[in-house]
Amino acid sequence: MTSLISDEQILLFSGSMMEVCGSSKVTLREFGCEQSLLSRPDGSASFIQGETSVLAAAYGPAEVKVSKEIYDRATLEVLIQPKVGLPSVRERSREQYVRETCEASLLLSLHPRSSLTLILQVLHDDGSLLSCFLNAACMALMDAGLPMSCLFCGVTCAIDTDGQIITDPTAAQEKESRALMTFAIDSKERRVMMSSTKGSFSVPELQQCIAVSQKASEKIFQFYRDSVRRRYSKNL
Amino acid sequence: NTTVICGIKAELANPTVEAPGKGYIVPNVDLPPLCSSRFRPGPPGEQAQAASQFIADVIESSEVIQAEDLCIERGKLCWVLYCDLMCLDYDGNVLDACVIALLAALKNTQLPEVTVNTETCTPVVNLEKRHGLNIHKHPVGASFCVFDDSILLVDPTAEEESLLTSQLTVVTDEAARLCAVHKPGGTSLSGEKLQECISRATVRQKEIQKLIDKVIHSVKTSQ
Chain F
734 MTSLISDEQI LLFSGSMMEV CGSSKVTLRE FGCEQSLLSR PDGSASFIQG ETSVLAAAYG
794 PAEVKVSKEI YDRATLEVLI QPKVGLPSVR ERSREQYVRE TCEASLLLSL HPRSSLTLIL
854 QVLHDDGSLL SCFLNAACMA LMDAGLPMSC LFCGVTCAID TDGQIITDPT AAQEKESRAL
914 MTFAIDSKER RVMMSSTKGS FSVPELQQCI AVSQKASEKI FQFYRDSVRR RYSKNL
Chain Y
1020 NTTVICGIKA ELANPTVEAP GKGYIVPNVD LPPLCSSRFR PGPPGEQAQA ASQFIADVIE
1080 SSEVIQAEDL CIERGKLCWV LYCDLMCLDY DGNVLDACVI ALLAALKNTQ LPEVTVNTET
1140 CTPVVNLEKR HGLNIHKHPV GASFCVFDDS ILLVDPTAEE ESLLTSQLTV VTDEAARLCA
1200 VHKPGGTSLS GEKLQECISR ATVRQKEIQK LIDKVIHSVK TSQ
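Respectively, the protein sequence lines represent chains F and Y. Each residue of the first sequence is one higher than the last, beginning at 734 in our numbering. Each residue of the second sequence is one higher than the last, beginning at 1020 in our numbering.
With the rest of the complex left out, here is chain F:
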């Protein structure tokens, strides 16, 4: 049996300060990724953002249950496993967010009447969990080699009580914040694929957060590119 970490690839990106929109700064916590770390799934990845860490595994295309079969495209199932206990309503709603984002970027019509399963296991939650799910999901789908029309990444923004925008907040910063938003940004046109918000905020604040997330997404996409390039240059 091959070692589990034979083609392991760890890349760390240290968040440096970058100027956007005049005064607000985009800072992401240190993030890293490891692909193909599990041997059984068709694709796997773990994504780490600061202390938050998620493990993702993708299976498919495989046979589908007759009740879930869709005649013109593949059925995508997303399962989120919390660190302790059974998945609750909160996980269900996050599953919906991740699934619909993946459905939009995957070319599901290339695999009709088959099933794709994506499992996301929380390893540690220290804020920005939904964006970490999205990043891990995208990396796992890439690792599985599934055809996609574009890549996507997740960015979480928090607005604190002074109206400052914090990107990639920790759990403590999330708790203190007035509003919390998570966006999924596509790699093609940097547009908003998914949005999930908490707390109340004004329209200009929303627009500003989207702009900041789009800036931050460029860093993440660059990281995706670097990590894949490094991985394949090593293997070939």
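No lab work stands behind these hints: they were computed from the structure. Any given hint could be a false lead.
Computed list of lysine-lysine pairs in BS3-like fashion (alpha-carbon distance at most 25 Å, straight line) [stated by the list, open to error]:
#1 F:LYS908 x Y:LYS1041
#2 Y:LYS1156 x Y:LYS1041
#3 F:LYS931 x Y:LYS1212
Given chain F, put chain Y in place with the hints provided.
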């Protein structure tokens, strides 16, 4: 044709240790097989659970009711409001209907006065004396669906929902502050389109609030 009925049940309970000065609100959205052939009997499906979570998030972020108002005695007694939303006829856009039904039901809720007997430490309920809930905000949702990245449709029906490529729900309150911008994936949307949706949502909020006020008023006068 979408019909949602909302019932509010109030119960007395002990507040949680983490938030001794707060009561709580538990929303539950039910999409029974009765309302559409797409739902099967059994435990709630993903759509119903996601809708429940969405309603809970709207209540929390819009602060429609301050959780502190539901507290009767700090650390000892508080109200729990169970908001059961039952869909009777599913014809698309169930989230908007749920938010409106919830708001109308909350405005109509009368809680009896409760005092705590200091000697026996038991709650005494005075059913004669009732008062309405203190509604701080009036959140109203507006749903849009997107076809082929370009065509926007307001208030989609079930048929339109089955064909769309992306869905968006914007919840605003009377001060035009956004409480939720819920877009569970789908094709991406440009900034201008989003702005258009938000301005339409604010117009709709005013219309719906007027409608609810009118209905509540007519209910009061007929009593």
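Results for each hint:
no. : hint                  : result
1   : F:LYS908 x Y:LYS1041  : holds (17 Å)
2   : Y:LYS1156 x Y:LYS1041 : holds (18 Å)
3   : F:LYS931 x Y:LYS1212  : holds (21 Å)
Checked against the numbered hints given earlier, the structure satisfies every one of them.
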